[in-house]
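Turn these sequences into a full structure, and let the hints steer you where they fit.
Here the protein sequences come in this chain order: A and B.
Position one of the first sequence corresponds to residue 1 (my numbering), numbered consecutively onward.
Position one of the second sequence corresponds to residue 340 (my numbering), numbered consecutively onward.
Honestly, the hints are just simulated from the structure, not real lab data.
Just so it is clear, CB atoms sit at the ideal spot from N, CA and C, and this is done for glycine as well.
Any given hint could be a false lead.
[Stated by the list, open to error] If you anchor each label on the Cβ, the simulated ranges turn out as follows:
1) A:Gly103 x B:Arg433: 35 to 43 Å
2) A:Ala209 x B:Arg430: 34 to 42 Å
3) B:Glu349 x A:Pro106: 33 to 41 Å
4) A:Pro106 x B:Arg629: 55 to 63 Å
5) A:Arg216 x B:Gln348: 40 to 48 Å
6) A:Arg216 x B:Gly529: 53 to 61 Å
7) B:Arg629 x A:Gly103: 47 to 55 Å
8) A:Pro83 x B:Arg430: 52 to 60 Å
9) A:Arg216 x B:Asp521: 48 to 56 Å
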Amino acid sequence: MPAWLTQSLRGTALLTVPLIAIAVVANAVASPADLRVVVNFFVALVLVLSIQAFSGNSGIVSFGHVAFMGVGAYTAALLTIPPAIKHFILPNLPSVIAHAHLGFVPAVLIATVAGALVAAVIGVPLTRMQEGAMAMATIGVLVIFFVVFDNWDAVTRGSTGVFGIPRNTSLLSAVILSLIAIFVCRVFRESNAGLKLRASRADPVAAEALGANVVRLRYVAWILSGAIMGMGGAIWAQYNLAFDPKQFFFTQTFNILAMIVVGGLASVSGAVIGAATVTLTTEIMRRVEDSAGVPGLTQMVVALLILLVLYRRPDGLVGRSEVDDLLGRRLPWLHAARR
Amino acid sequence: MTAGLMSSQEALQQLINALSLGSTYALLALGLAMVFSILGLVNFAHGELVTVAAYTIYLESEHGVPFPIEVISAVVAAAIAGVLMERIAFRPLRGASFVTLLFSSFAISVIIQNLFLALISPRQKGVAMPNVFNTAFRFGGSYSIGWLPVITTITCLLSLVVLTLFLRRSVQGLGMLAASQDFAVTRLMGISANRVIMAAFAISGALAGIAAVFILARRGTVEPTMGFNPVLKAFIASVIGGLGSLSGAVVGGFVLAFIEVTLDATLPIGAAPFRDAFALLIVIAILYFRPEGLLTRSEER
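In structure tokens:
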């Protein structure tokens with residue numbers, strides 16, 4: 001087995017154990033409200049991993065990824081809302097979409113492809129820009145897609161939003177898809193392309209000089225990340241059942257970025273641990289916020305958490321290494337097969 | 340309606356609208372550019388300085404404070420908020436990477452928004468402004484122009500003149516101007532880094548405070564998220580002008596305003612909501628073709 005595959009499998013397995021444990025425990029004992037938190041955690045995991053796939057390897061922040069989440073969510077919504085409801089809320093849809101009534105798997109697949117396609121189009125100009133310029137252009141992407149979602153009444157129902165999406169996402173499907181996302185991100189990170197891209201994060205000019213086509217590598221990562229985001233948006237939509245364009249704007253961007261910053265941008269383990277930390281903090285603070293009657297407290301604490309992490313550990317709680325690398329240093333036998 | 344069919348009254352009105360909008364954007368963009376040029380920080384929380392100023396006016400107007408005092412204290416409050424922001428939040432991150440700084444300013448923006456939400460109200464609150472802002476004056480027989488855009492333009496242009504004099508004539512100002520072009524060398528010339536950075540945040544806050552008065556006069560309400568639109572416009576304007584170029588930011592503000600007013604006048608009715616999307620498409624095109632900005636010569640960087 002090639003080294004990148006062993007490493008990805010080992011890394012995924014190591015993260016799978018606690019994640020499945022969480023799912024099993026939640027399934028057995030959690031109240032319906034807590035179960036919802038757990039499913040949303042697994043959905044968030046997919047969203048965060050999408051950012052990891054691009055920003056983690058390239059080192060370029062994206063504020064625009066939520067746009068792909070929106071693309072995935074609207075795609076899934078249009079394909080799964082029962083035609084009777086669709087006829088009522090979106091009377092002007094093209095007939096193919098108006099009559100479509102797909103199940104979970106095809107809807108998620110098509111949304112994934114839609115996310116990848118939209119990313120492929122936008123990525124052409126974006127990935128050719130310099131790092132800072134690209135980061136700023138992603139803010140433009142975020143706003144442009146928000147404006148389109150908010151005003152394209154015939155397809156998105158504008159600012160009123162859509163409803164009637166069936167709850168197709170279950171704990172099981174969310175767990176399976178997030179594990180797939182972890183594995184895909186790990187494979188990409190350990191692959192030749194991922195390695196070169198990570199080298200370009202440290203020094204794009206040097207990486208280029210050593211034969212890495214930085215623009216193409218960024219483009220590939222961007223599309224992969226668009227696909228994962230499209231998938232994440234699709235399962236998110238089929239769990240939350242109704243949404244409007246505001247869900248794909250700055251607050252959502254902040255929530256997802258908070259997770260990746262807290263855990264650490266540069267590793268898949270960081271994305272997972274960040275998602276867990278922020279979800280846990282949010283849930284605890286939400287309870288405090290409700291009982292203390294201070295609106296906004298949760299977001300404030302999450303923002304403070306980001307600042308604290310940036311001050312103390314700018315690379316995030318996990319840092320640049322994966323958990324299996326960190327464990328491997330303590331337990332050498334785990335890494336017997338390392339390159 | 341197309342530009343060719345516009346009456347001279349409408350053309351004049353559009354021109355003064357573009358000028359007043361542009362001068363507001365210029366103040367906002369200049370503040371953003373000043374901080375960026377010295378620290379390399381795109382301050383997402385710049386819009387919250389506008390919010391601070393607007394809420395200062397709101398709180399004072401609830402207690403019947405006279406308007407001129409409201410304005411002065413709003414500008415001072417925004418300047419202090421800028422300095423505090425730097426002291427508390429950005430100073431510990433001095434020298435951190437672009438990404439870290441971006442994230443931290445994003446977090447600070449969220450904290451300030453939620454502070455207003457928690458301490459005052461998540462909802463919009465109406466603010467009474469002087470009547471003169473709602474009146475128009477006539478001249479030359481048939482021409483009628485609103486006072487608000489005229490006052491906005493004059494005040495913002497005056498602020499720009501005062502700031503330019505300060506930057507060009509005082510030692511502290513020259514130090515800042517030099518720092519905006521090459522901070523490292525400026526420090527070697529014996530200019531105190533902390534003083535320059537503090538002054539940049541204070542000026543950036545004061546400019547945002549002045550802009551806030553007119554933003555508030557136009558919208559008539561305060562709400563915790565009201566800083567978003569201003570920071571977005573400032574961001575677009577400073578990208579047009581070349582991020583980090585002070586004069587570019589000012590010109591970028593006016594260019595953005597003229598683009599917006601033109602799009603408003605020429606876009607078909609159905610496309611009007613897409614105006615901001617068009618403006619940002621232009622920004623992405625600029626970032627792609629001329630990342631150094633439309634207005635800077637390459638040697639200026």
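Quick rundown of the hints versus the structure:
1. Here the CB-CB span from Gly103 (chain A) to Arg433 (chain B) is close to 54 Å, at odds with the stated 35 to 43 Å.
2. Checked against the hint of 34 to 42 Å, the pair Ala209 (chain A) and Arg430 (chain B) passes, with Cβ atoms roughly 36 Å apart.
3. Between Glu349 (chain B) and Pro106 (chain A) the CB atoms are about 54 Å apart, so this pair departs from the stated range of 33 to 41 Å.
4. As the Cβ distance of Pro106 (chain A) to Arg629 (chain B) is approximately 44 Å, the hint placing it in 55 to 63 Å is violated.
5. With their beta carbons about 55 Å apart, Arg216 (chain A) and Gln348 (chain B) fall outside the hinted range of 40 to 48 Å.
6. Taking 53 to 61 Å as the suggested C-beta distance range, the pair Arg216 (chain A) and Gly529 (chain B) does not conform, at roughly 47 Å.
7. Between Arg629 (chain B) and Gly103 (chain A) the beta carbon distance is about 48 Å. The supplied range of 47 to 55 Å therefore holds.
8. The hinted window of 52 to 60 Å between Pro83 (chain A) and Arg430 (chain B) holds, with their beta carbons roughly 59 Å apart.
9. For the hinted restraint 48 to 56 Å between Arg216 (chain A) and Asp521 (chain B), the CB-CB distance of approximately 34 Å leaves it violated.
When the structure is compared with the earlier hints, violations turn up for hints 1, 3, 4, 5, 6 and 9 and for no others.
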